[in-house]
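Q: Quick note, the sequences are listed as chains A and B, same order.
Sequential numbering of the first sequence, starting at 1, is according to this note's numbering.
Sequential numbering of the second sequence, starting at 345, is according to this note's numbering.
Just so you know, these hints were derived from the structure itself, not from any lab.
Among the clues, some could well be false.
Now the in silico label distances, taken between C-beta atoms and shown as ranges [as the list claims (entries may be wrong)]: (1) A:Lys115 with B:Glu411: 54 to 64 Å; (2) B:Gly420 with A:Arg44: 53 to 63 Å; (3) B:Lys401 with A:Gln109: 28 to 38 Å; (4) A:Lys190 with B:Leu437: 38 to 48 Å; (5) A:Lys84 with B:Gly420: 26 to 36 Å; (6) B:Arg442 with A:Lys75: 53 to 63 Å.
Chain B is faced by these chain A residues, among others (derived, beta-carbon under 8 Å) [to be verified]: (7) Phe51; (8) Glu129; (9) Val139; (10) Ile141; (11) Asp142; (12) Ile143; (13) Arg157; (14) Gln176; (15) Tyr178; (16) Phe179; (17) Gln302.
Result set (DSS-like, lysine-lysine): computed pairs, CA atoms no more than 25 Å apart in a straight line [stated by the list, open to error]: (18) B:Lys401 with A:Lys122; (19) A:Lys126 with B:Lys401; (20) B:Lys404 with A:Lys151; (21) B:Lys404 with A:Lys126; (22) A:Lys151 with B:Lys459.
The beta-carbon is built from N, C-alpha and C at its ideal position, and this holds for glycine as well.
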Amino acid sequence: MATRAVMFTIGKFRCFPILKNRVAKFTSSSNLLNTSTFDPGYTRDPSEVFFKENVQALLDRLTGRDYEKVFQNRKLGQRLEPPKYELLTQAEVDQVMVEMEVKLKKKLQMPPLLKEREPVTKILSKDAELQGFDNCKYVFIDISQGINDRKREVVVRDPNGVLRDASWEERQKMCQIYFPLPGRQISMPKMFEETHLQDCLDQGQYQFVLDRACAQFEPDDPDYIRVTRKTYNCIDENNKFSTLRSTRHFGPMVLHLVLCKRMDNLLFHFITSKEVKAAADLVRLFHLVWSDSSPSELDEFQLIENYIQGPAVKKPALELAWQTFLEIEKQRLEALSQQNKASN
Amino acid sequence: MASALPKFTKIAKVIRLNRHGCTNRPFYHIVVQKTKDNQDGPVIEQVGSFDAMPNNKNEKLVALNFERIQYWLSQGAKLSDPVAQLLGLSGFLPNHPRTIIQAWKNRREPPRERKIEAIKGIAPPLDNPKL
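Next comes chain B alone, as it looks inside the complex (with noise of 0.2 Å):
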């Protein structure tokens, strides 16, 4: 019975947003968790919120614990997208692609809007019933 000891397979543990607050309004705790674990399920440690609706200084407000960050790093702890991001905008991590790329496209010109015609005789373009 030498092999019946369980195995315990080293889980990753990665940093992430779990989102609370309510409806229409979300407020996001960035965690320490276990990847498997569901968003509202155990969590090892809070390092930090991000408020998601800028108040009325038009401000979003992102709470850190680098210090906590730091060490979750360094035990091999991954970071999420959105939380890497925002790591990046506060400036302890090199700006993330996916700001820059945001940004990008914000920057640049929506695409030009064509216009359909409308031939007579025929079913009228759908976005225009009247014609």
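If we strip away everything but chain A, and leave its shape as in the complex, we get (with noise of 0.2 Å):
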């Protein structure tokens, strides 16, 4: 476990010089949407939206599917093994094709947007003849084979004799302790606490603590509701989108920033990089989530202009992209229509 530590600190973090007047600059000077990294930004419960059928199609349609980007070769503490080249026949490839996409699926597989865990408080027992009986407490874990360690039991006996659940805290540490997961460590690691996340984050490692992340705690964990959401606002106040494009964050990513209505900047990204039909999912996505009704118009082009017209909050700047966009859209056109007459 030391060793894999020192390699996340060291592999990640050699001296990047952090000019962090430069960076509080910029971040300051940014968009209207800029809200504070504590604001929850919604208080809806994310998971009545994220298991949908239909939001989890858009959410995989808006991630995209860049193969080279899934499967390279990343540097996490593990061996690399040089590629290995093999002759096939087309269906043996088409074959190949399909494996890939089943590792493809698990790889974009989304960690979930879940509400934050409610604390435990079941009392098992109050025995008061047992007051005393030791100065620490107790914590009994229950080691048989084919738990889930959601459902494992985990109690604790107090000084004051009274038998209850084990706190979530508790029972994660204990879980750990005897059945390992790896990439997890029993404590949590300093890098999630606000000021080393914040320096990562500056550093724009977000894939890198967005993984930790996940591996660390669990989708409902308070910490890593603030870790992630963190993450997000920074990326959105940042426009970096493309460095989560094509990994498993980005479906949460879109989620939350739509259920916290800032959206906008990613709209604003969509359209500036020409790519039409994921600026029409992410509108569709809106109106799914706060309307739940999916938008009458099919034309991908009348959905985005009503929805700058309307809902939009970044107006002025949606506006003006979008109204860019349509100039190269017609000159592309008519170049097209020209070259077909040069050549009939």
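Grab the two chains, each in its own frame, and use the hints to assemble them into the complex.
A: What follows is the structure, encoded as structure tokens:
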């Protein structure tokens, strides 16, 4: 475990000169939607929306399928192997692609957005006769095989004689001691404390922070929610959406931004990079989440225009970008039609 | 030679603590063993562990494989006192009388110290040679 922790720190945080003044100026001058990182953004239970099939389909489409990026060799402390070259027939290639598709789906499985878990309050027994039997508390874990960690019995006998279900922190610590998961530490790594987390995000290590949070915490852990929300807000403020594209974190980030009504930066990003389908999907997602109905327009251009005229917050910037895009499209279509005439 | 067949007597099995760890740092394995085997001898199965030193959160960690303990109890294994106490504390068995007595003793006031008066001229009391 110690070596893996060393790998995380040394490999990733080589001496980056952090120009803190410059970073501070950039974040303070930026967009109108710059809310504080401690603001939760919404009080709705995100799991109501996250697990709907149509929402999942939209998030899947928005994530994208860049095979090069998904399967790239990442330096995570494991031994890298050189690529293998094989000679295959077309049928074999198709079969390999099918297998790769399955692997890709597994790699792009989105960690769920849940609301914070309720603290454990169940008391199993109050034995006043056992008060003072010892100075410290006894934590018992059931190590029977074949039980899911979330259902494993972990109980605590306090020095005052009360036998209670272990709190979430005690439970996770015990399960990690006796049934360790790779990549997870027993106590929370210092990286996730506020100051250090801010340092990581300033360096732009978004995917690393999110991957490690995924390994370290359960999805309904308040710390996980805090870390992921802070990362998503940071990406939104700095417009670094392309770093998460084709990763498993893009979907949850998009849904978080839609729930906070902060998706205008992302829409701007899609329009300026000419991804009309993605922009339209984003608007459809907005309507699904906020009015629980799919919009009636089938034309993507009309859909986006209606959103910009209607619910958008950053209207001036979006309108300008949209007009620019439409002009470029018109010119492109004219050029194409002239080419066709010339060839005919 | 019919009676030359060896007679196998059934040796009782017991669930007890085996001390591992090192000097001044005990760590117990909760094991199922035959009663006559030594503490460091052959073990039938390990069914848990007990860390007797409290950690930095002032907790003593106990791991118990309840499924297997239930099985061995059904097969007639006995429990040693410390193991029975641990199972009582965990809620698997009722509270052991020893735990209750120990708790009562800890809560009780310590006995009043009797002060021994020195008598002049005669040898002083052993605990105060300066008198």
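Q: Have a go at the Glu129 of chain A hint: is there a Cβ in chain B nearer than 8 Å to its own Cβ?
A: holds, 5 Å
Q: Interface hint check: Gln176 of chain A, Cβ to nearest Cβ on chain B, cutoff 8 Å. Holds or violated?
A: It is violated, given that the least Cβ distance between Gln176 of chain A and chain B is near 12 Å, above 8 Å.
Q: Is it true that the CA of Lys126 of chain A sits at most 25 Å from the CA of Lys401 of chain B?
A: The hint holds at about 22 Å.
Q: Using the beta carbons of Arg442 of chain B and Lys75 of chain A, state whether their distance is inside 53 to 63 Å or not.
A: holds, 56 Å
Q: Minimum Cβ distance from Phe51 of chain A to chain B below 8 Å?
A: violated, 33 Å
Q: Quick one, is the Tyr178 of chain A hint okay against chain B at 8 Å, beta carbons?
A: Tyr178 of chain A check passes; min Cβ-Cβ to chain B is 6 Å, inside 8 Å.
Q: Checking hints one by one. Is Ile143 of chain A an interface residue toward chain B, by the C-beta closer than 8 Å rule?
A: Holds - the Cβ of Ile143 of chain A comes within 8 Å of chain B, reaching about 5 Å at its closest.
Q: Checking hints one by one. Is Phe179 of chain A an interface residue toward chain B, by the C-beta closer than 8 Å rule?
A: violated, 10 Å
Q: Does the structure keep Lys151 of chain A and Lys459 of chain B at a Cα separation of 25 Å or less?
A: Measuring from Cα to Cα gives roughly 58 Å; hence the hint is violated.
Q: Would you mind confirming whether the straight-line C-alpha gap from Lys401 of chain B to Lys122 of chain A stays at or under 25 Å?
A: holds, 21 Å
Q: Given Gln302 of chain A as an interface hint, is its Cβ closer than 8 Å to any Cβ of chain B?
A: violated, 60 Å
Q: Close enough to count: is the Cβ of Val139 of chain A nearer than 8 Å to one in chain B?
A: holds, 5 Å
Against the hints set out earlier in the document, violations occur for numbers 1, 5, 7, 14, 16, 17, 22.
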